[in-house]
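**Q** The primary structure of each chain is shown beneath.
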Amino acid sequence: MSADGKFGDYGGQYVPEALMPAIEELNDAYERYVLDNEDGFMDDFRARLRDFGGRPTPLQRADRLSERYDREVYLKREDLLHGGAHKLNNALGQVLLAKYMGKERIIAETGAGQHGTATAMACAHLDMPCEIYMGERDINRQRPNVFRMKLNGSEVNPVTVGRGTLKEAISETMRDWATNVEDTHYVIGSVVGPHPFPSMVRDFQSVISEEARTQAREKLGRLPDAVVACAGGGSNTMGAFAEFVDDEETALYAVEAGGSTLEVDEEAGVAPNSASLTTGTEGILHGARTRLLQDRDGQIMESHSVSSGLDYAGVGPELAHLVDTGRVTAVNVDDDEALTAFHRLSQMEGIIPALESAHAFGYLESVAGPDAPDSEEADGLGEYVVVNVSGRGDKDLESAIEETYERDIDIAPNMDEFTGGL
Amino acid sequence: MSADGKFGDYGGQYVPEALMPAIEELNDAYERYVLDNEDGFMDDFRARLRDFGGRPTPLQRADRLSERYDREVYLKREDLLHGGAHKLNNALGQVLLAKYMGKERIIAETGAGQHGTATAMACAHLDMPCEIYMGERDINRQRPNVFRMKLNGSEVNPVTVGRGTLKEAISETMRDWATNVEDTHYVIGSVVGPHPFPSMVRDFQSVISEEARTQAREKLGRLPDAVVACAGGGSNTMGAFAEFVDDEETALYAVEAGGSTLEVDEEAGVAPNSASLTTGTEGILHGARTRLLQDRDGQIMESHSVSSGLDYAGVGPELAHLVDTGRVTAVNVDDDEALTAFHRLSQMEGIIPALESAHAFGYLESVAGPDAPDSEEADGLGEYVVVNVSGRGDKDLESAIEETYERDIDIAPNMDEFTGGL
Amino acid sequence: MSLEDAFADGPAFVPYLAAGDPDYESSLKYVEALERGGADVIELGLPFSEPIAEGPTIQNAVVRSLEGGMTPTRFFEFVEDLDVSVPLVCMTYYNLIYRYGDESEAQRASNTSGETVSNGPRPFVEKAAEVGIEGFVVPDLPAEEADPLREACDEFGLDLVFIVAPTTRGERLDRIMEQVSGYVYVQARLGTTGAQSSVSDQTGSSLERLTDYDVPKAVGFGISSGDHAERIVASGADGIIVGSALVDIVAEGHENGDDAETVADRLETLARELKDGAVAGASQRPPHPERT
Amino acid sequence: MSLEDAFADGPAFVPYLAAGDPDYESSLKYVEALERGGADVIELGLPFSEPIAEGPTIQNAVVRSLEGGMTPTRFFEFVEDLDVSVPLVCMTYYNLIYRYGDESEAQRASNTSGETVSNGPRPFVEKAAEVGIEGFVVPDLPAEEADPLREACDEFGLDLVFIVAPTTRGERLDRIMEQVSGYVYVQARLGTTGAQSSVSDQTGSSLERLTDYDVPKAVGFGISSGDHAERIVASGADGIIVGSALVDIVAEGHENGDDAETVADRLETLARELKDGAVAGASQRPPHPERT
Ligand SMILES: Cc1ncc(COP(=O)(O)O)c(C=O)c1O
Ligand SMILES: Cc1ncc(COP(=O)(O)O)c(C=O)c1O
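Protein chains in written order, with this note's numbering: chain A, 1 to 422; chain B, 1001 to 1422; chain C, 2001 to 2292; chain D, 3001 to 3292.
It is worth saying that the hints were derived from the structure and are not from the lab. Possibly wrong hints are sitting among the right ones.
Pair ranges (Cβ atoms, derived) [as the list claims (entries may be wrong)]:
1) B:T1160 to C:D2147: 45 to 55 Å
2) A:D408 to D:T3262: 55 to 65 Å
3) B:T1160 to A:E67: 56 to 66 Å
4) B:T1325 to A:D408: 30 to 40 Å
5) B:A1268 to C:E2208: 32 to 42 Å
6) B:E1402 to D:K3029: 54 to 64 Å
7) D:T3211 to A:D127: 41 to 51 Å
8) C:D2259 to A:D410: 52 to 62 Å
9) D:D3276 to A:G102: 53 to 63 Å
10) A:E406 to D:D3259: 44 to 54 Å
11) C:G2010 to B:T1325: 48 to 58 Å
Beyond 12 Å from chain A on every Cβ pair, some chain B residues (computed) [to be verified]:
12) R1048
13) T1278
14) P1370
15) E1406
Take a look, some chain C residues computed to stay more than 10 Å from chain B by CB distance [what the hints assert, rightly or not]:
16) E2050
17) E2054
18) P2072
19) K2127
20) D2140
21) E2144
22) E2145
23) V2164
24) I2176
25) E2268
We put the beta carbon where it would ideally sit given N, CA and C, even for glycine.
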């Protein structure tokens, strides 16, 4: 990263002028508190991650997957973090930073509700008023997360414009920020948005790879040959990769949501996937230049994935840059493969993953599973693979069961008795 | 505990003869593997608790509660354990023991579904076939947990006899065990049942107090003045107390479910509470002599609590004994107080507790809260209190919201928009 | 007549019914029909709310009886009201025995501590003896925990029957056989009570373990026809215990709303078939060295 | 006429409409009505799918226009079809400028890598110049990122208008004022676009910061009546920018199914009110040292 928040040509600060002073103030706070640990900010943050968040999370050997894939498969257990996903690393960091900055109000957007719940938890913990913007359609799809946010004392503001999903919620939150910028901090939920967000969120999330690296050395006396993480906006991804970027011997795989197909319907403005690294093009969205799902004119397309946390038309600029430079390999896994992987991990390891995280396991299966064609890709994974379990699947139970039922995933348990009553 | 599994007059092995050989075999395995660490069983168990389960769980200072109660309040975060409750400590221990014993099949009962999900997770992790008995009424009340068990590959067997709740499910599981005793292990979910279960489950759960004791010394350089834990069967309770029992300076509070009232309706055979330590009488249930909710004739009463995990007519024999001897103080908190505490912890600390665990916080409020009468009880808590957060409340969202709505808990967020659609 | 005596004249037929199933009056008639059908001993169930050793058939009988208002006190009245002359064995769970008569109403009213300490099994046994019960079967009371009940039985001259499971062997078996009196209840298969369509093959070997013990051996669990009865006695049993097959008749009659006389006749008919089967079985069996 | 010239003869009235809202033909009429109502410059919105700086009124206009099939290509046709003589400013988001004309259809079809690299803003600016657009306002393009667009504008002789927010001060302000040309868009209040029932009091102090910069100052955000316009010009503004209040008329007409002529008349009426207000405001203001 250069000082102006550029990763190659990506990144930058494409926001309305009204927000620029806030972003400069934030950047200043980021440099002082996060980078220079002023007032012991980072120590405070790390202590809270430990005591409130439950860090470190284990690096667990997956015995049955290791056997299946004929290599050492280790799981980085972010699903065990308070709230059930890696999202808390970032939310806690940003809310704490806002507190150090003297802000008095927190706003955030949420799609699946994971970032919203993490932010609501962090705000309750740190005694900050909080409002969360969430598309009306998402509110209806993700009720338990709405309940959790409200129980933690946050307001949930339904966004009714447009299609009522994440994209609209982000825009709406930016509008609130532009109106209340003086006392309000906007907690962005991934490594996206204008500088310093992509760097700052990465730094808060990089505790994942920092721990994993140390744990790998302790457990196997060496670094992994590969790290695999799903990529929506890319925050768990950058978190899992950051400390390995300089370890040339460790391959890094970012697994995107292939949705139902990689083909796009330009007429309808719909991409039935969220594979912006694989199929996207360069553009500017939500404050940064990055890879996007957009039509020929530059209008943003509606993305799709069975996992709502990956369902976003953009991706973090740093991750896009690392893919362009070849340091990170972007791959993708479709809805069916992800659902199958969801069931496989649940049955074989006793861990019900978030549908987002299931994509990472789908990749393992597709290159190293018993039905995988012999390929160089499997060699690329090497002997010793770390997979980031970015979150737990409790939030996905109903949709996983419904989607499974519609698709007839063969390893799924019989849930006929429930699919009616959902 | 004496060698025959008695705690004073409590405990023992009141089971059908067909089960006695299995219980003797289990006792033998318990002594060899658990007590004597044969084949490194305990090392294996502890390593799995760490890597798969996410131990140690933090001992977190609750900043805002400490302020509210004018003393140091620390939380033992069992809610962060894999699966969301302390139940995994026991389930993993027993399933692993069954594996060491050469058993080929696991059965378990479950009420709220927490023990069932923990057992299903442990079985998937250890590749053991598993069947869970669950009352039909509970199946309908606890769907997400039913989904989780099935996703982890367990069979869920509905129990339709009687009222279709935990009591019936336990009886049904005992019947299965009596039929398949040779290759099957019955994973009992709390410190109840015939010897060696109460001792063995306590030993698996005592990792809670073992960690808490060490963490307390590290963080405050001393032991806590009091440990507070909710008590249903009493497994999180005994787990949180075990290593403190010999520390005379640490007071131990077992918080039972006071339900709607401590009065019982003998005619109907219903106790609108689950306070067997407070209001129960000595008797024999599910294999052990202990304190029970029973009518004058010795028929077991239907218990009640807003929290289904506390909704049981019996209690562990060791805990009953510790209460009789005065080492543990039994107290209780009613449904309304528990719900209020549920909301308070969610809002003030960003932790949505299980309704079971909320009872422990209800006790704190009732003796040390701003509206508490000045009392010796508050002094009993001392300066430094550890509260065991036995589980997270994700499983309770819907019922907590419904029950809150019916009762009009004043600190609750407005959920009117949702109470219709539940 | 003592329990052991009931086994003296050839194989004993020991039927079971839950007292008060489905109601007090009908149940009296049903139990009496068993005697007419040839019962040598009758096991009378006092229903407990958590019948962990029973299969669905008897569980449901227990529920019907409890809903009909059966209690230990009513049970003793029931026994007094019964017009049968064969010995009666009370089959129930230990908590009911343990809690009975532990406190008077007055004690209870004045007890504010909430603690009530049981007086143990003695009051129950005393009362049972008074109404003419000859013995007990307590499925959740293993020999290890039986001393207090054993003592009370000895004091009042009652027998204490124990169940021996297919898995019971060696030292455990000795310990049980030391405690047992009246007869030993030989469980024919693992599992819980319930009528079966075939009879367990293990009966012969089950009984073999027990040849050295000088007490009548009654085999139960799953017997439902005269044919079963015959084969089991032919394998060496001194008696047969039949519960669920009889309870099924009660349940069916209850569901169909049949009148009590009709149901009683059906019970008598099945009882006779079972008794006849047992007698037929006895004639096929090799002369027994110890029990001639 | 250049943009700056439009501010030469007294206060400029700068209305905004989204091109193609609610459909192509009606929208042409609406824009032309603005000129009849006295517009000195017209800001024409090219709708982007993520209008992060707009309030609900303009968001909904964007949705209507997109649903009506508006695209950058259609937008340029629209400008060509327009019969107005005042200068036009294109208001849009940077991604549409950035992506325009980056690849021909043929290039695209033969591109299998999935990577398409933009040629930057030049093709868009070139095309805009060709159809007669005089300048741009790009709300999500801060001065820091504006160099490529600035260069293209210089090349083709277009102006680049920047927005100055109430929070913009000091160094930031300098940086913006270095880049700006045509006029500076003075945001009257924090937040997003949208008609307001009262006018911001901060206008005077907002403008004060800018006295030293020699470029016309047009104030926008929330102006909805002649009265507002008057007060703002009286406070020293060189022009007023009005969007949402006009878009509201389009939206209402669309909802009620009113015919395009009627709606155009209403727009003309409000435009005239606003223009008159601005003119009235000018007469109240103290003589301006720099701009006489
Ligand atoms: C569990 C989980 N994993 C991954 C993601 C994707 O986000 P990111 O790519 O920023 O990690 C989400 C987003 O909600 C999530 O909840
Ligand atoms: C979170 C939680 N706490 C407590 C309990 C009560 O059980 P015990 O008293 O055995 O800890 C349960 C039972 O389901 C539970 O789920």
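**Q** All hints, please: hold or fail.
**A** Comparing the hints with the structure gives:
1. B:T1160 to C:D2147: 45 to 55 Å: 38 Å, violated
2. A:D408 to D:T3262: 55 to 65 Å: 56 Å, holds
3. B:T1160 to A:E67: 56 to 66 Å: 39 Å, violated
4. B:T1325 to A:D408: 30 to 40 Å: Given range 30 to 40 Å: violated, Cβ gap about 60 Å.
5. B:A1268 to C:E2208: 32 to 42 Å: For A1268 (chain B) and E2208 (chain C) the Cβ distance comes to about 50 Å; the hint is violated.
6. B:E1402 to D:K3029: 54 to 64 Å: 56 Å, holds
7. D:T3211 to A:D127: 41 to 51 Å: 44 Å, holds
8. C:D2259 to A:D410: 52 to 62 Å: 56 Å, holds
9. D:D3276 to A:G102: 53 to 63 Å: 46 Å Cβ-Cβ, so the 53 to 63 Å window is violated.
10. A:E406 to D:D3259: 44 to 54 Å: 47 Å, holds
11. C:G2010 to B:T1325: 48 to 58 Å: Since the Cβ atoms of G2010 (chain C) and T1325 (chain B) sit about 56 Å apart, the hinted range of 48 to 58 Å holds.
12. R1048: Not fine: 9 Å to the nearest Cβ puts R1048 (chain B) too close to chain A.
13. T1278: About 29 Å separates T1278 (chain B) from the closest Cβ of chain A, which puts it past 12 Å; holds.
14. P1370: 17 Å, holds
15. E1406: 16 Å, holds
16. E2050: The assertion about E2050 (chain C) is violated, with a minimum of 5 Å to chain B.
17. E2054: 8 Å, violated
18. P2072: Its Cβ does come within 10 Å of chain B, the nearest being 5 Å, so this is violated.
19. K2127: 13 Å, holds
20. D2140: For D2140 (chain C), whose nearest Cβ neighbour in chain B is about 5 Å away, the distance does not exceed 10 Å, so it is violated.
21. E2144: For E2144 (chain C), whose nearest Cβ neighbour in chain B is about 6 Å away, the distance does not exceed 10 Å, so it is violated.
22. E2145: At roughly 5 Å from the nearest Cβ of chain B, E2145 (chain C) sits no farther out than 10 Å, so the non-interface label is violated.
23. V2164: 7 Å, violated
24. I2176: 7 Å, violated
25. E2268: 29 Å, holds
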